[in-house]
Amino acid sequence: MSAQTPAQAEMAKLLVDALNLEDIAAEDIAPDESLFGDGLGLDSIDALEIALAISQQYGVQMQAEDSSTRNAFSTLASLTDFVQTHKK
Amino acid sequence: MITDDESIPLLLRDRKDGFAHISTPLPALNYQTGLMNVETFLGQAFSLAQQLPDAKHLINLCDNRYLFGLAFCAALIKKQTTLLPPNRAEETQRLLINDYPDTYLLHDGFASVIDDAKQININLLNLSAHTATGSSLTAVPLTAIPLIPADFLAAIAFTSGSTGKSKANKKSWRTFAISTVMNGNAMLPKTDQLIHTLATVPAQHMWGMETSVLMPFFWRVCVSDLRPLFPQDIANALNKLPSPRLLVSTPVHLRALVNSKISMPACERILCATAPLSSQLAQDTENLFAGNLLEVYGCSEIGSTAYRATATITSNDESTYWTLIDGLEFQKINTDEYQITGKHLPGAQLLQDQMHIRGNQFQLLGRNEDMVDIAGKRGSLMEMNAILLSAPGVIDGVVFLPETKTEQVQRPTALVVANESCRAGIIAQFNKHLDPVFIPRPLIFVEQLPREENGKLRRVRLLEFYRELRGGNF
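Going down the list, the protein sequences come from chains A and B.
Counting in this note's numbering, the first sequence tops out at residue 88, every number present.
Counting in this note's numbering, the second sequence tops out at residue 1474, every number present.
In case anyone wonders, no lab produced these hints; they're calculated from the structure.
Where hints are given, some of them may not hold.
[To be verified] Below 27 angstroms or equal to it, Euclidean Cα-Cα: the simulated DSSO-like pairs (lysine-lysine) are:
| hint | chain 1 | residue 1 | chain 2 | residue 2 |
| --- | --- | --- | --- | --- |
| 1 | B | K1261 | A | K87 |
| 2 | A | K87 | A | K13 |
| 3 | B | K1079 | B | K1167 |
| 4 | B | K1261 | A | K88 |
| 5 | B | K1056 | B | K1078 |
| 6 | B | K1170 | B | K1332 |
| 7 | B | K1190 | B | K1016 |
| 8 | B | K1079 | B | K1016 |
| 9 | B | K1261 | A | K13 |
Using the sequences and the hints given, assemble the complete structure.
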């Protein structure tokens, strides 16, 4: 497992806080582990919560119809990259 | 509007009127997008009906709202009963086929489907053959809107039951057709114009089925095939629809919309159901959309049952009352015991929630504590409990709802007495049987549950125990 970058660590904390993932520690989320499905097992309601937290913290609006957003949700690393690229 | 008791038309609409907005390019429709009128929809439904395999039932797993409605309509034409599973888990599909052997799966290629069952992918069919030009509908004489026997079993809607086995709610065409007329009277804005609807809820569950699939059969309603999730997607989807607009949603989605600070196009009417909505969120929603919000109360036995204007609720007791949808009434069976009747229902229905009744109005006193509603889906805590206890290595355990934080999505939580190494097996067991939104979390491993000597686990004690756990290192 590769170590989290500072930006990824910040995103991991946002995920854990937004979703009340009490049995998962932010530093334990591997940057390239899948967030949905077999990895962390998140679902569409989580995606909505994450999108809301990201818009509040970074001013970035997620859109599912935009394929770059869909890809962004695959891992902690891709989500962090997406937000870093789009944040104002 | 609907008078004949023996049979009821498949739909009552002007053939040239708008029926749906298609935004998703779909192979079944030859990638055609834009407005579909009633005639085109009917032509496609007849074409699909001719291509369906012979069987008594089908499980409709279509993810796209338009294809779901098309498949439901084709099944009606072919006199096949649509089974609506409580979730799309593969184990659920298997159990349902076991109980209803003469069944095939109908899907649109987006859902995960068990491979050992008879099945058909609607997106591998060509439905545009009969509607290519819109002028020569060879298969459908222009006069023929079929009559469906009113007693025909149009669908069986399954809801998670407390016994761990799904409860079957039978819906005749009479129930669906007449309740749709009643619902339209109660829920739609009063206008002569075509109403353009967007729903954030799935079509398969009763709330979405009633408002986004059945409504256009009997009302001047044109529904988008989309099911947007993120606020920006919802804004984009609404912007594609002309006014007057109607949004069908849930408190989970409305909270995200209000908090997103994205500006929304005007919606004349917002309908919200599935979980309690605060009057503050209702007011914020009305301000965001410059429209009126109706909160709808329903149950799987009846469907939509009552409504209220939640934004107008004040501390005044009077404003908290719900009004029964016209066509339903209370019938007293004992002191303080009531059931609901309606001419279109198979029988009187007992209510699971506690209420205080006055005429055709009521106040909710307490909700049934077994049922959990998340974003339009219903699950039973007792069923989740049974699944937890059936997982390998689990000695004891309980699934429960912790105390509410206002408007936060409330997830079931599980306390488990087992070795930590069983975690993956427990999650796998839940995945096999449940919709992902009901999979309990956090999953907390404990030494033992705070049971009393007689083995009972009281909620008060359980919540205390949980608070202590959280106060510690959790």
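*Take a quick look at whether K87 (chain A) and K13 (chain A) sit within 27 angstroms of each other, Cα to Cα.*
holds (17 angstroms)
_Satisfaction of hint between K1332 (chain B) and K1170 (chain B), Cα-Cα up to 27 angstroms_ = Distance of about 24 angstroms is within 27 angstroms: holds.
*Is K1056 (chain B) within 27 angstroms of K1078 (chain B), Cα to Cα?*
Holds: K1056 (chain B) and K1078 (chain B) sit about 10 angstroms apart, inside 27 angstroms.
*Are the Cα positions of K1261 (chain B) and K13 (chain A) separated by 27 angstroms at most?*
Holds. K1261 (chain B) to K13 (chain A) sits at ~23 angstroms (cutoff 27 angstroms).
*Going straight from one Cα to the other, do K1261 (chain B) and K88 (chain A) come out at no more than 27 angstroms?*
holds (16 angstroms)
*Is K1079 (chain B) close enough to K1016 (chain B), meaning Cα to Cα at most 27 angstroms?*
It holds: about 26 angstroms lies between the C-alpha atoms, which stays within 27 angstroms.
*Decide if the proposed pair is consistent with the structure: K1261 (chain B) and K87 (chain A), CA atoms, cutoff 27 angstroms inclusive.*
holds (16 angstroms)
_Hinted pair K1079 (chain B) and K1167 (chain B), Cα distance within 27 angstroms_ = Satisfied, since the Cα-Cα distance of roughly 23 angstroms is no more than 27 angstroms.
*asked:* Given the hinted pair K1190 (chain B) and K1016 (chain B), is their Cα-Cα distance within 27 angstroms?
replied: holds (21 angstroms)
Against the hints set out earlier in the document, no violation occurs for any number.
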